[in-house]
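Student: Residue numbers (the numbering used here), protein chains in the order written: chain A, 1 to 483; chain B, 484 to 712.
Think of the hints as simulated: they come from the structure by calculation, not from any bench.
Note that the structure is predicted; figures quoted are calculated from it, not measured.
These stretches of chain B come out as covered by chain A in the derived footprint (C-beta under 8 Å, 3 or more residues): (1) 615-623; (2) 685-691.
The list that follows gives simulated cross-link-like pairs (lysine to aspartate or glutamate, EDC-like), each with its CA atoms no further than 20 Å apart: (3) Lys614(B) with Asp398(A); (4) Lys614(B) with Asp399(A); (5) Lys676(B) with Asp398(A); (6) Lys641(B) with Glu673(B); (7) Lys377(A) with Glu691(B); (8) Lys669(B) with Asp398(A).
Heads up, the beta-carbon is just placed ideally off N, CA and C, and yes, glycines get one too.
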Amino acid sequence: MPKKITIEPVTRVEGHGKVTIKIDDEGKVRESRLHIVEFRGFERFVQGRPYWEAPVLVQRLCGICPVSHHLAAAKALDVIVGAGTGDGLTAVGDKMRRLMHMGQFFQSHVLHFFHLSSPDFLFGINADPAIRNIIGVIEHHKDLAVQGVMMRKYGQEVIYHTAGKKIHGTGAIPGGINKNLSIAERDLLLNGAAPLNADQMVEWSVAALNFFKAYHKSNQTLVDTFAEFPSNHLSLVRKDGAMDLYHGVLRAVDTNGNRILDDVDYQDYDKYIEEEVRNWSYMKFPYLKHLGKEKGWYRVGPLARLNVCDFIPTPLAQKEFEEFRAYTNGKPNNMSLHYHWARLIETLYAAEEIRNLLKDPDLQNEDLVVKGEKLNKGVGVIEAPRGTLFHHYEINEDDQITLANLIVSTTNNNEPMNQAVNHTAKSFMNGQKEITEGMMNAVEVAIRAYDPCLSCATHALGQMPLEMKLIDSNDNIIDTKNK
Amino acid sequence: MNNTIKFKIDGKEIVAEKGKTVVEAAHDNGVYIPTLCNFPGVPPKGGCRMCTIKINGRFMTSCTTPAAAGMEIESNTPEINELRKSIIELLFVSGNHFCPACEKSGNCELQALAYRYQMMVPKFPYSFPVKEVDASSPKIIKDQNRCVLCQRCMKTIKTEDGERYFAFENRGNNLEVILDPELGKKMSDEIAKLAMDNCPVGSIIQKEVGFIEPIGTRKYDKVAIGTDV
Chain A
1 MPKKITIEPV TRVEGHGKVT IKIDDEGKVR ESRLHIVEFR GFERFVQGRP YWEAPVLVQR
61 LCGICPVSHH LAAAKALDVI VGAGTGDGLT AVGDKMRRLM HMGQFFQSHV LHFFHLSSPD
121 FLFGINADPA IRNIIGVIEH HKDLAVQGVM MRKYGQEVIY HTAGKKIHGT GAIPGGINKN
181 LSIAERDLLL NGAAPLNADQ MVEWSVAALN FFKAYHKSNQ TLVDTFAEFP SNHLSLVRKD
241 GAMDLYHGVL RAVDTNGNRI LDDVDYQDYD KYIEEEVRNW SYMKFPYLKH LGKEKGWYRV
301 GPLARLNVCD FIPTPLAQKE FEEFRAYTNG KPNNMSLHYH WARLIETLYA AEEIRNLLKD
361 PDLQNEDLVV KGEKLNKGVG VIEAPRGTLF HHYEINEDDQ ITLANLIVST TNNNEPMNQA
421 VNHTAKSFMN GQKEITEGMM NAVEVAIRAY DPCLSCATHA LGQMPLEMKL IDSNDNIIDT
481 KNK
Chain B
484 MNNTIKFKID GKEIVAEKGK TVVEAAHDNG VYIPTLCNFP GVPPKGGCRM CTIKINGRFM
544 TSCTTPAAAG MEIESNTPEI NELRKSIIEL LFVSGNHFCP ACEKSGNCEL QALAYRYQMM
604 VPKFPYSFPV KEVDASSPKI IKDQNRCVLC QRCMKTIKTE DGERYFAFEN RGNNLEVILD
664 PELGKKMSDE IAKLAMDNCP VGSIIQKEVG FIEPIGTRKY DKVAIGTDV
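Next comes chain B alone, as it looks inside the complex (with noise of 0.2 Å):
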């Protein structure tokens, strides 16, 4: 029985394996999809809907999307890439993403797509939101005004117990994912930086090791996020 199905994007013929999503089929086909909150490993939710794309005429989140069979899609057009930037000036707008003094500045995936979909000033306002810094664990501080509510520290950061160190607290515009404050105490350097390596932005910061990496080596300083794919 054959398990590979073909669909297109932007004209090009796709070849995956039948249960894979529209964003795992085009990565592994050399077409990249922007994402943000998806995450390797952990079931996709669709929530920063960074990866929109069109099927069939529909606007749909590819992680979320399984792959089928004769799909007609559209990815890198100038009507879905103008959506994408604006998702990601809604998200500088909506915290307080000061990059010129963030140490996960030149590593940072909200800061790399900016660039790549050359993000200039937000069209929408600042809303300078009043955030706090939770600094109380002795290996990470948990940075609120960079937050971006991707859940990817809440899925993939727990103890072997399988206890989660983060979670959402309060709801709607206060909603803010938090550090659990017993666990953050006893937070190894491994966690840490795991946590830290986990967070596309630099809300979870790794103490004691701040710019530790010279520009120019950091992830983003040469090649556009995507330039892997």
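Pulled out of the complex, with its shape left as it was, chain A reads as follows (with noise of 0.2 Å):
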């Protein structure tokens, strides 16, 4: 009999989604879909709001990284008050910015690889939920545990002395900063008393990327066929096609490497970027618009950053980034589970860059903000750590904003993670007769390669976790599990 699978909430991913999976008479996947069931509503409620407010309210979004929001919304603002367009800020302004981000980026991948994904890789997908967690990992994984915690805990350190609070601090204002670095901060966050210091998180972020490659090479098949599918990339690169998550250009590679977007002013990115809506999901559907909708579809985030760079300027991320891009011959890697392999690159690239950026005297400088000639409309992109976010502003003559549009992150990988949802439901669920909870953990599994923050996703109201339903080929509903 035709079944329909649900499985709502979806676990240990931000946010709140439910995955249905629709069977057919003879037990093949017909159909499955990630549905995003959160709605929130503030591209709205920004109106009639001073511009200025939008990098402190916007953040709201999200508590994982806010910063991201902060940063894109203060960059949209800075063309707003004719402080350019990424490159016209003070040194300081831009290197404190760059430098809270880094912060962003290393807690916010860490959180990801350590609390929510590596109960998968040291216990196993099928393995008993009631251990396949953070609390199992502290168990039975102690040492990895702690470093984890205080992983997180030292790129907070570095969101609170940039922004002045670890979640929704007040660091970006339009065209700069609101403070620079005093010698203090900068020696504590570099040289401070172990762990807590820049040497030793570089030196873990190499350890946890050693970790993962090992898991890779005793699970290659696994982790190199599970939901793999090729797709288009795209990703901010800097001019000269170096790794820059902060500000550049737009690329995009086809699933060959053929470049489909190149060197595109984001200024310009709705010439270029669509959003359809599907009434089953509150989360739109981005695509390139010269490919259309169906072809247009592309992949954000660390597989598609690594795709489409040329290269990473820190020497121990750009070796780990050959022997990545050495993996496929040089062509991008549109296997999901390297998600991971790519975000802990990341990772390693984030700690280099805080120990760079931190060294750096520019950081104690005390010219902070730069205006010019006010202009009615700007747009703000940046890498956020789960991929390509567009914040879009346009003000009236009394400074209030009219206008707010967000491609959020997750939003971005909308299509690449229902592929992948279909693609492992077709794998682990095609002609079995009952679905187990290994086999709706490895949906989750692949959804939560992609990192998605859904409540930013959706702009949301909620909770979190996964329902699966067995419907049949009329959508009477069969059977269903919680989670």
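Need the complex rebuilt from these two chains, each delivered in its own frame; the hints are there to steer you.
Tutor: Encoded structure:
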């Protein structure tokens, strides 16, 4: 008999989503969808507020990577206050923001790997869910758990000293920043008591990467074939092709590595990117206009960034990048679980970049803000931990916001996550008589690889967790399993 | 002739100059009584009731009551503090006070009082009134969502000729403090800053300087309101 499986809520991701999988009479997966069931409305209620409130207000979308929203909004407002499109700030303004951003990257990536994903690697996808969680990691792999907690703490400390608070600070303001980094703060972050110093973070980042590579080596087939499918990839890159998570131009490559978007100024993002609405999800489906809905969807995030950039401008991460690219003979990597590998290379890059920035005396400069001739429109784009993040604001002559459009990282990954769910459901459930908890977790592992932030993506109300429903071809619910 | 009087607040002897109000005398003697609408140099009106005390068993506002010899005053008692907390809660639910995105956060007297009196969630239902934001002045924004009708701006922000920039409009539930549109267009940066500083909440915001003050350096980031008394 045909069935429909619903997984609701999806666990160990940020936000609330559900998965439905329809299985036909022959036990084959007919259709699967990731539904995002939250709705928030930030784009609407920011209207009418003074523009300089946006970086502080809109970051409340999220408690995991608010810095990304804070900075993307600030970058958009830099344009509005006449401070240029990303390269017009003073050295201290630019570098303090970059430091804040790297602190954010570091803590968010660490949170995802250690707290959310490591249970799947340490205990296995089919392990008892009572152990397969962060408490299980603490009980059975104490050193690794402590390392994860301390690494995240370090990232949060970087944010605290640049934004004023660990969560929802106010450091970035239109045209610059409101504080520099004191010598005492610099010394604390650079050479603080072990383990909270920059060198230790670099060392632990290398160790985390080696941990994943060892897992990969002993589970190569699983890691390489799990939700592997071709796609386009999009991210910001520096003008010269280097990885740059704070500022650059838009570039996209297809599954063979051909550039399908190159050197695009993101002020014109709306000429190249369109969003489709589907009636079963609150999350939109973005795509590249010139390729259309069917062929224009793309991945973003760590995997996409490593597929798009030409090199990483820090030595240890560059070495890892070369190994990563060599694995697919220089072609784009389309393996979903390799997101974890890419994420850990970026974690190492963030740690190296934090160390480099802390040694830069520009951080102690006093010229915090620049302004020029005011404009009524600005777009800010940044690479958030989960992918490319777009903020677009327009204001009236009284300085009030009249339009806000946000395309959030996870939204960009909407179609890829649906593809990943579909691939995983087919591989694990086709022809199976019974749906096991391990099969449901496999679907979640696929979603989790993308580190989605569903609350951000719907800009969201509500809780989190995964319901699976088995529905027949007449859409009658046969079976429901909740987690 | 002796120009001083003596009275007691919560059992502590207060020595005050004749003619002072109870709140002035208390502060001169290092005893904090919270205020909100009261402002130095402006005749008190007892509008917000934050400074409510009990004198000889009767509730009074300490900003409008002249100190008198022999008064027995209760101020920092559970009963009166609970009353003050309720007043703060009423102010929060009667407007739209969203501290997370308000640039007055950390410098806001209402927020600081809420912290001091440990307001968690107001016991009254939120009214979520529909309020306007007047951004027509090139120098300030008058956000009616956050106004507590204290009149401090009305009484302290004036032109050299004594004209008021701010005035009441409407009555009852619809009462609002509005900015004179003509004067608002001619406002100087200095007057805009003074108006923002004198507003106890985030209802008057100087344009273009939002969030310039880093967290950690704002007035109430590290010390509770009233610590300086």
